[in-house]
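Engineer: Residue strings, one per chain:
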Amino acid sequence: MVFHGPDTRKLSWWTLVRVYLRSFFSQGSFSVTYRQNIGFAFCLEPAGQDIWRDMDERRKFYLRHLEYYNGNPFMVTLVLGAVARMEERLRDGDGISETDINRFKTAVGQAVGSVGDRLFWRTLRPFSLVLGLIAAYQLGVWGALVFLMAFNIPVFWLKWYWLVRGYTLGPRVVIEIKNPRIDPATRFMETAGTVLLALLSVGLLAAPGYRLSLVTAGAAALFLLGFILPRRRIPPSVVLIVSAVLAVFIGWIIT
Amino acid sequence: MDFWPVVILLGGIVSMDTTAGPQVMVSEPLVSCTLLGVVFGMPETGVLLGILFQLLWLGYMPLGAVRFTDHDMAAFVATASLLAAVRVFGMDARMARAAVLPAMLFGILVGAVGLRLTDYLRQWNGNLSDRVMEEFESGGVTNIGRWHLLGMGMMFLKGAGMTILFVPAGVVTCGLVRFLPFGVQQALMGGSLVILGAVSASALHFYWQNGKRRYLLLGALGGVAWFFMALIHGS
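Quick note, the sequences are listed as chains A and B, same order.
FYI, the numbering for the first sequence is 359 to 613, going by our numbering.
FYI, the numbering for the second sequence is 184 to 418, going by our numbering.
Note that these hints are calculated values from the structure, not bench results.
Bear in mind the structure is a predicted one, so any value in this text is a computation, not a measurement.
For each residue, glycine too, the CB sits at the ideal point set by N, CA and C.
Some clues are possibly wrong.
[Claimed, not checked] Residues of chain A placed beyond 10 Å of chain B at every Cβ, according to the derived structure:
(1) Gln385
(2) Val390
(3) Arg417
(4) Arg483
(5) Gly498
(6) Leu506
(7) Phe509
(8) Arg523
(9) Thr526
(10) Val560
(11) Gly576
(12) Pro588
(13) Thr613
[As the list claims (entries may be wrong)] Taking CB as the label site, the calculated pair distances span:
(14) B/Gly273 - A/Pro542: 46 to 56 Å
(15) B/Arg250 - A/Arg590: 13 to 23 Å
(16) A/Val522 - B/Gly328: 22 to 32 Å
(17) B/Gly273 - A/Tyr519: 50 to 60 Å
(18) B/Asn310 - A/Leu582: 29 to 39 Å
[What the hints assert, rightly or not] If we take Cβ atoms under 10 Å as the criterion, some of the chain A residues that face chain B in the derived model are:
(19) Ser370
(20) Pro431
(21) Gly471
(22) Arg530
(23) Leu582
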């Protein structure tokens, strides 16, 4: 099965599946200098091999995608799909130049990085973790599975959806980055995550025996300290060491 | 000692999954510590340590270009050390609880070493990129997958190597708790309970920074109501 459009030869579903599977390893050889350049070329390779049959053209394809690239690993499929479409148009002489592809990658990579980091790292991951932590607190080992499912089901689906959308839209993929459904979803997960984590924290602090005890009072004292110290820009490792020392001291008082 | 091959393999996977791929989050402490608990036949202890470390590092994100403490490996090595110490030295539940704080502090050291190693590997990957580009520029076509796999493999080896090196050291650190005076052991046990306050604060601070203060208070009020309901129900 192929995607229909004005171009002469289209990528097959199998090629897109291969790109999709490789996209899970886009940061495999992340470097300080070029970031995800090899990773991007590696992910796009199945499409490149389909599009460029001539070895010299294929070499140019690799060199093009070994340029600096940085973007969010979960939204990389959006860029991969769009770039695959642009490569096709470059081959067909359909108003796309090599410079256009490089400029597009730099610009969209940054936009995708910003949107993706907020959506996945700052929102979905903490939200899924809070769900997993609550489940672990109540159900034990199943908490890990709850977290894995809460995080990975949307990720696996969105990555495929974005690959297909990117390939369909080509350079017009910017529409998808500004998807109006992203903001409400982000706000919901941030709000729900905050409420649930606060609920869990109180539950954890009060947990030992469900009674107001010295342990609860000690935990509350360390809670305040753990909250105040990071606000004074003290590194987390130092906060933990100080907390651990104080925890032993409190432990000595209460036992 | 039958657990070693599995623990080393898991260490490699945790290190790889953190940034290199597939980033399906098996590297998060909640998952890796639970898995370790299952491997060592102590699932409840694994889950508890997973909750502890996850709360501590909830706000830590392995964003691509950011230099971050290797918190995933830190939690993994600390948990593996504690669980292995329980198995190797036959420590009871009281002793295991006393070893939680030393294991956590040992984890901080591991996280700092992990950060340096990741920095080094990312520099090394830069040289790898230079070599790949040189090959293409000189007119050849090289197997890019092989180079990419090399980068990922090094990340796996980093995790496996850290496990081989640090877990035995962590086992000894946790095992030393047995030789401490009884009073100090008791203090460490109590400390392992109250430290939950500090790690909860660490997690909540993440949302506080994001400006979700009203909702934090709302959730906390809900938690207090939950607590009193449990109290009434309990009595």
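Engineer: So, for every hint listed, does it hold in this structure?
Structural biologist: Here is what the structure says about each hint:
1. Gln385: violated, 5 Å
2. Val390: violated, 5 Å
3. Arg417: Given a closest Cβ separation of 5 Å, the condition is violated.
4. Arg483: violated, 7 Å
5. Gly498: violated, 5 Å
6. Leu506: The claim breaks: A/Leu506 does not keep its Cβ more than 10 Å from every Cβ of chain B (closest is about 6 Å).
7. Phe509: The claim breaks: A/Phe509 does not keep its Cβ more than 10 Å from every Cβ of chain B (closest is about 5 Å).
8. Arg523: holds, 21 Å
9. Thr526: holds, 25 Å
10. Val560: violated, 2 Å
11. Gly576: Label violated. Min Cβ-Cβ 4 Å, cutoff 10 Å.
12. Pro588: A/Pro588 is in fact no farther than 10 Å from some Cβ atom of chain B, at 5 Å.
13. Thr613: Its Cβ does come within 10 Å of chain B, the nearest being 4 Å, so this is violated.
14. B/Gly273 - A/Pro542: 46 to 56 Å: holds, 54 Å
15. B/Arg250 - A/Arg590: 13 to 23 Å: Cβ of B/Arg250 to Cβ of A/Arg590: about 21 Å, so the range 13 to 23 Å holds.
16. A/Val522 - B/Gly328: 22 to 32 Å: Cβ of A/Val522 to Cβ of B/Gly328: about 24 Å, so the range 22 to 32 Å holds.
17. B/Gly273 - A/Tyr519: 50 to 60 Å: holds, 52 Å
18. B/Asn310 - A/Leu582: 29 to 39 Å: Distance hint for B/Asn310, A/Leu582 is violated at roughly 48 Å.
19. Ser370: Hint on A/Ser370: violated, closest Cβ of chain B at ~19 Å, above 10 Å.
20. Pro431: holds, 6 Å
21. Gly471: Holds, because the Cβ-Cβ distance from A/Gly471 to chain B comes to roughly 8 Å (cut-off 10 Å).
22. Arg530: violated, 26 Å
23. Leu582: Status holds, d = 7 Å.
Hint violations for this structure: numbers 1, 2, 3, 4, 5, 6, 7, 10, 11, 12, 13, 18, 19, 22, all remaining hints satisfied.
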